[in-house]
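Novice: The primary structure of each chain is shown beneath.
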Amino acid sequence: MKRFVPLLLGMYFGIVLVKGEVVSWYRIQAMFRFEEAHMYLIIGSAVVVGAISLQIIKRFEMKTVGGESLTIREKPFNKGVVIGGICFGLGWAITGACPGPIYAQIGSGAYMAIVTFISALLGAYLYAWLQPKLPV
Amino acid sequence: MWEKILEPWPWYVTGPLIGLMVPALLLLTGKTFGISGSFRHIDAICMPKSKLTYLRSDNWREYIWQLFMVAGLVIGGFVGNYLLSVHPVAFLPDDYYSLGGVIKLIIGGVLVGFGTRYANGCTSGHTIMGLSNLRWPSLVATISFFIGGLFTTFVLWPLLSLF
Numbered sequence: 052m053k054r055f056v057p058l059l060l061g062m063y064f065g066i067v068l069v070k071g072e073v074v075s076w077y078r079i080q081a082m083f084r085f086e087e088a089h090m091y092l093i094i095g096s097a098v099v100v101g102a103i104s105l106q107i108i109k110r111f112e113m114k115t116v117g118g119e120s121l122t123i124r125e126k127p128f129n130k131g132v133v134i135g136g137i138c139f140g141l142g143w144a145i146t147g148a149c150p151g152p153i154y155a156q157i158g159s160g161a162y163m164a165i166v167t168f169i170s171a172l173l174g175a176y177l178y179a180w181l182q183p184k185l186p187v
Numbered sequence: 070m071w072e073k074i075l076e077p078w079p080w081y082v083t084g085p086l087i088g089l090m091v092p093a094l095l096l097l098t099g100k101t102f103g104i105s106g107s108f109r110h111i112d113a114i115c116m117p118k119s120k121l122t123y124l125r126s127d128n129w130r131e132y133i134w135q136l137f138m139v140a141g142l143v144i145g146g147f148v149g150n151y152l153l154s155v156h157p158v159a160f161l162p163d164d165y166y167s168l169g170g171v172i173k174l175i176i177g178g179v180l181v182g183f184g185t186r187y188a189n190g191c192t193s194g195h196t197i198m199g200l201s202n203l204r205w206p207s208l209v210a211t212i213s214f215f216i217g218g219l220f221t222t223f224v225l226w227p228l229l230s231l232f
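Protein sequences appear in the order of chains A and B.
Quick note: to get the working numbering, add 51 to the position in the first sequence (first position is 1).
Quick note: to get the working numbering, add 69 to the position in the second sequence (first position is 1).
Treat each hint with caution, since some may be false.
Okay, the calculated beta carbon distance ranges per label pair [unchecked claim]:
{"id": "1", "chain 1": "A", "residue 1": "Y91", "chain 2": "B", "residue 2": "W226", "range": "34 to 40 Å"}
{"id": "2", "chain 1": "A", "residue 1": "F128", "chain 2": "B", "residue 2": "P157", "range": "50 to 56 Å"}
{"id": "3", "chain 1": "B", "residue 1": "S230", "chain 2": "A", "residue 2": "N129", "range": "33 to 39 Å"}
{"id": "4", "chain 1": "B", "residue 1": "S230", "chain 2": "A", "residue 2": "F111", "range": "49 to 55 Å"}
Covered stretches of chain B (in silico footprint by chain A; criterion: 3 or more residues with CB under 8 Å from a CB of chain A, positions within the stretch not fixed) [to be verified]:
{"id": "5", "stretch": "85-97"}
{"id": "6", "stretch": "164-177"}
{"id": "7", "stretch": "192-200"}
No wet-lab data here; the hints were simulated from the structure.
All C-beta atoms in this analysis are idealised placements derived from N, C-alpha and C, irrespective of residue type, glycine included.
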């Protein structure tokens with residue numbers, strides 16, 4: 052179950068990303084060129100639904116279906132959030148895919164996304180290599 | 070109903086369904102939503118003898134769930150485009166299937182992998198999860214993503230078009 056449920060949720064996420072065309076290079080271009088509101092409305096409504104859900108979960112101190120108490124991992128601030136964030140954005144506009152859509156693009160038959168995926172693994176390795184020298 | 074599902078989905082269906090990933094993952098598995106950590110875990114698995122701290126210190130065994138989730142993403146991408154669509158959509162431009170396209174995707178992919186690991190999150194972990202959790206560092210991250218994206222689109226694109 053610990054593996055099956057994430058697999059199913061990943062499939063669900065992949066189907067939604069594809070059917071909403073969030074994995075489309077053209078949609079990402081149109082977003083950065085401010086040509087259409089599609090992506091902004093998707094991100095905005097996703098955050099609204101996510102935020103309301105988290106408020107409900109916290110307010111009622113909900114637990115997992117297995118009865119475990121919930122801890123939400125919170126990401127701290129450091130310079131990497133800005134510098135790394137800009138680097139990611141530079142790449143995102145070229146590949147037309149952020150990490151989730153890279154995987155979904157591969158599944159959708161856009162086989163060139165395999166190049167994006169392997170390059171992202173190399174990029175993560177580059178980070179691992181440079182990490183001791185990068186500003187924090 | 071079925072015809073509607075086979076069409077592209079409008080934003081007001083797609084957005085909320087993406088937002089539901091946050092509570093679904095949390096309530097069903099107790100995990101915090103994020104995708105780009107998978108790059109680190111895959112690197113750590115592929116290079117078990119690496120001396121780099123970032124890979125050596127990675128507890129990828131705790132993140133097997135995430136690797137199953139991204140495997141599900143690939144399957145979901147197939148199901149969405151081939152089984153739930155009348156006409157499969159090409160999500161990358163035709164001219165990316167060339168040497169120039171490969172060069173662009175390598176540059177972009179390396180930036181995505183490096184950047185998301187340095188920022189400790191991507192559009193999933195920061196923009197969807199972090200903003201839903203009302204975290205200001207994730208707002209800074211999201212603004213940074215857009216600064217980068219706008220710079221590529223309006224400044225670097227003429228250079229990239231050389232490839």
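Novice: Given that the stretch 85-97 of chain B was listed as covered by chain A, double-check it with a C-beta distance under 8 Å for 3 or more residues.
Specialist: Held - the stretch 85-97 of chain B has 13 residues with a Cβ nearer than 8 Å to chain A, which meets the minimum of three.
Novice: At the C-beta level, are A:Y91 and B:W226 separated by a distance inside 34 to 40 Å?
Specialist: Violated, since A:Y91 and B:W226 (Cβ atoms, about 20 Å apart) do not stay within the stated range.
Novice: Quick one: see if chain A covers the stretch 164-177 of chain B, three-plus residues with Cβ-Cβ under 8 Å.
Specialist: With 9 residues closer than 8 Å to chain A, the stretch 164-177 of chain B meets the three-residue bar; holds.
Novice: Using a Cβ cutoff of 8 Å, are there at least 3 residues of the stretch 192-200 of chain B near chain A, or does the coverage claim fail?
Specialist: holds (count 9)
Novice: Do A:F128 and B:P157 keep their Cβ atoms within the hinted range of 50 to 56 Å?
Specialist: Hint violated: Cβ distance 41 Å, outside 50 to 56 Å.
Novice: Just to be sure I understand the hint, the distance between the Cβ atoms of B:S230 and A:F111 should be within 49 to 55 Å; is that true here?
Specialist: holds (53 Å)
Novice: Within 33 to 39 Å: is that where the Cβ-Cβ distance between B:S230 and A:N129 falls?
Specialist: Since the Cβ atoms of B:S230 and A:N129 sit about 34 Å apart, the hinted range of 33 to 39 Å holds.
Checked against the numbered hints given earlier, the structure breaks hints 1 and 2 and satisfies all the rest.
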